[in-house]
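Line order of the protein sequences matches chains A and B. One point on numbering: in the numbering used here, the residue at position 70 of the first sequence is 70, and numbering is uninterrupted. One point on numbering: in the numbering used here, the residue at position 151 of the second sequence is 1151, and numbering is uninterrupted.
Treat the hints as calculated values from the structure; they're not laboratory data. Careful, some of the hints might be misleading.
20 Å max Cα-Cα, derived EDC-like pairs, lysine to aspartate or glutamate [what the hints assert, rightly or not]:
(1) Lys407/A x Glu1119/B
(2) Lys1406/B x Glu117/A
(3) Lys1407/B x Asp86/A
(4) Lys1093/B x Asp86/A
Here's the letter readout for the chains.
Protein chains: 2
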Amino acid sequence: MAQKPSIPKGTRDFNPEEVAKRNYIFSTIKSQFQRFGFQPIETPSFENSDTLMGKYGEEGDRLIFKILNSGDFLSKVDEPLYALKDSGKITPKISEKALRYDLTVPFARYVVQHQNEIEFPFKRYQMQPVWRADRPQKGRFREFYQCDADVVGSDSLWQEVEFVQLYDNVFTALKLEGATIKINNRKILSGIAEVIGASDKLIDFTVALDKLDKIGEDKVKEEMLSKGISQEGIAKLQPLFTLKGDFGTQIESLKSILNTSEEGQKGIEELSFINEAITALGLKSAKLQLDVTLARGLNYYTGAIFEVSAPEGVAMGSIGGGGRYDDLTGIFGLKNVSGVGISFGLDRIYLVLEELGLFPETITKSTEVLFINFGDKESLFSLKAIKALRENNINAELYPDSAKMKKQMNYANKRNIPYVVLVGEEELKNNQFTLKNMISGEQDKVDLEALVTRLK
Amino acid sequence: MAQKPSIPKGTRDFNPEEVAKRNYIFSTIKSQFQRFGFQPIETPSFENSDTLMGKYGEEGDRLIFKILNSGDFLSKVDEPLYALKDSGKITPKISEKALRYDLTVPFARYVVQHQNEIEFPFKRYQMQPVWRADRPQKGRFREFYQCDADVVGSDSLWQEVEFVQLYDNVFTALKLEGATIKINNRKILSGIAEVIGASDKLIDFTVALDKLDKIGEDKVKEEMLSKGISQEGIAKLQPLFTLKGDFGTQIESLKSILNTSEEGQKGIEELSFINEAITALGLKSAKLQLDVTLARGLNYYTGAIFEVSAPEGVAMGSIGGGGRYDDLTGIFGLKNVSGVGISFGLDRIYLVLEELGLFPETITKSTEVLFINFGDKESLFSLKAIKALRENNINAELYPDSAKMKKQMNYANKRNIPYVVLVGEEELKNNQFTLKNMISGEQDKVDLEALVTRLK
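So here's chain A without its partners, still in its complex pose:
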């Protein structure tokens, strides 16, 4: 009967210390979301399959975890289909539900389904796990949390400004100073493609450009050429490869590159608006940087594109990203609802805080004081004091068994409990408590009032 227990690959158990650290990040993000007026919603872990399927491309469909129908699910599969023994074709007949793949599609579904109860513009945040049947590898899991904030129902650029500030506030609150908030705009990318005569190759063009950091200028040009972008067009791109300087300087260069593209100029206008507002408002610890090679999720974003990288010196991919999308809710029948949103990468932020030693020590401390158990009479006396401590918001516990002193002290040490209280015969008689500081080793006798005061 006994099994050697394990968990599915790509999933994790979290021990008390890890939960405390994760909750520290969650609650920091959450309190900033609320500071900016975002409201929480939650959606079910699984959705009807047709809500999710077809929304993430072919690859996405493959990575969605499907839930097997209950009962005699095969009875709904007709003979000719069954005879094919084709996993892909049989799936929709034996599975009607699927686990959430991200928070964006369920949010779109939520907005459409509840449109009559929602006050627009709707600023919502959502922090829930998602599941992907991806090949697990270092830092990539099959179950992980997403932390998203989005506004739908307004195309005001002030939202983009607010999101830059929100990123800055969260990372500053986490003491993760020096994060870079990279920004681009789809209209810039479209404009460039237009100018070099490659409007029909926008995706190929941006996929190649996106690799500039990794593979360098020559390889990018090679790839563009191989995708059918003309030599002449690529030549026109030259200023892009050498785009340097601060936000304003780069904007000036872009203006001359894009002077024949109306869409490109609209993109410049939007970027300038955001940059000027941020310059006037100031950032606490992050910096805003224009990055024309940034193209994440391009088929999706229609305006601003965001990506955040960890402070220099920390080798970690992006720790956040987002952008503006038009018509997110169109897939569910509600047209013309523009939205913009950002996301925080919990697992990577965790790794960065760990690497830089930025988790506050206090968050993993749970119990403040342990009462050593010397027997039932002493325990009852102790529990009366414990009750008073708890009423004063002090986390306190009694060791449940009158085990050997050493074992109990050991427990306090391993649990990282800073104080123990000893109540033996003498203390019981004198209505006193021996309070021992586990770090300094000091101990002295106090009455209940002093005990509460000392531990408060």
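Add chain B to chain A, keeping to what the hints say.
For chain B alone, coordinates are given in the frame of chain A:
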């Protein structure tokens, strides 16, 4: 392409107000768990199927949501098995993972898997969703949260005493005064079965006794008779049906009924210990009641059995329950680890607080102040003030568009935002803000410093 969006039956979307109310309950329970020295863990949403299957009986196995394997899952089904077209037989071949059905089995798995990292006695709490393919009905969902606290690795009765206090503390903190914590002990039930010569019919006997409240004495006796319990035995039960009075009085009656059963007397001893300790320590608002008919999860519990009912006058099933179990971890190969735990029924507690109007008004207030948008220049000026407010922990937002005043005020009203700030040309010129109280309608002009002070 457009679909009418919906969610799977038995699941729920939670809007901002509902999330806030649920979080209020969660965080109240959580902070009391911590007050008592419990530490949080989290386990994956899905487990390997063999971790879960066979742990909840046949009915449970049926209600576990299974996850379809990825890829060409049918290729692993051999022809003879496939030809049977038997859903039950094919399931283990096409599904290796299943959604968590409760938090207890994953906790047992966790303890065994991590036994070398854990400091025993291990006091853990866990608040995560579970999934059951049950027929949805009023108050019964296919996805719902469980909130459990357990101690494993100690058989001290002080734990039971602590759990009674923990229940009392949580319900008192929720202002849900007058909850009844019912307690029984499996040893009492075994003792009674022994005394009436029905030890081999313990389950039948307790199932019948458990219905006393609902179907009355005569029907209970009828059922016992039909299950083969003798007339003579049932006659011996008579004092049980009329067991009255306070805890101590009932204990005295039980002593005479159970005087020939060693196990029964052990049960009485345990109950007396808990009752005496609780009497000495006192409860804030709940009451502890002996209920010898209480038998929930009997195949599981080996000592104390708990169940909590809402205050009188509220028609609601149990809002919590638990008990002591021996050898929970035995199924995973770790023997002789005794445990005791309790659980809180979030959904029912929610309904009770709603019915009694006990949710604090403040919890659903999110944004403190909305700045009306009169245009870009005013917005930038406003955002500077908003930044200062947020630095003072005040939740503030700017309406993103310079829409009609009425629309913006309407948004503030619907969102329940208590203050709005108006910044027009004049305010901009004088570096002032018009602060309007949305409840009283009063408004006056203030500078930034006064604005912060007023809203703090």
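These are the hints, each one checked on the structure:
1. Our distance criterion of 20 Å between C-alpha atoms is met by Lys407/A and Glu1119/B, whose separation comes to about 11 Å.
2. Restraint check: the Cα-Cα separation between Lys1406/B and Glu117/A comes to about 19 Å, which is no more than 20 Å; the hinted pair holds.
3. Distance check on the hinted pair: Lys1407/B and Asp86/A sit about 55 Å apart at the alpha-carbon level, beyond 20 Å; violated.
4. Our distance criterion of 20 Å between C-alpha atoms is met by Lys1093/B and Asp86/A, whose separation comes to about 15 Å.
Comparing the model with each numbered hint stated earlier shows that hint 3 is the single one that does not hold.
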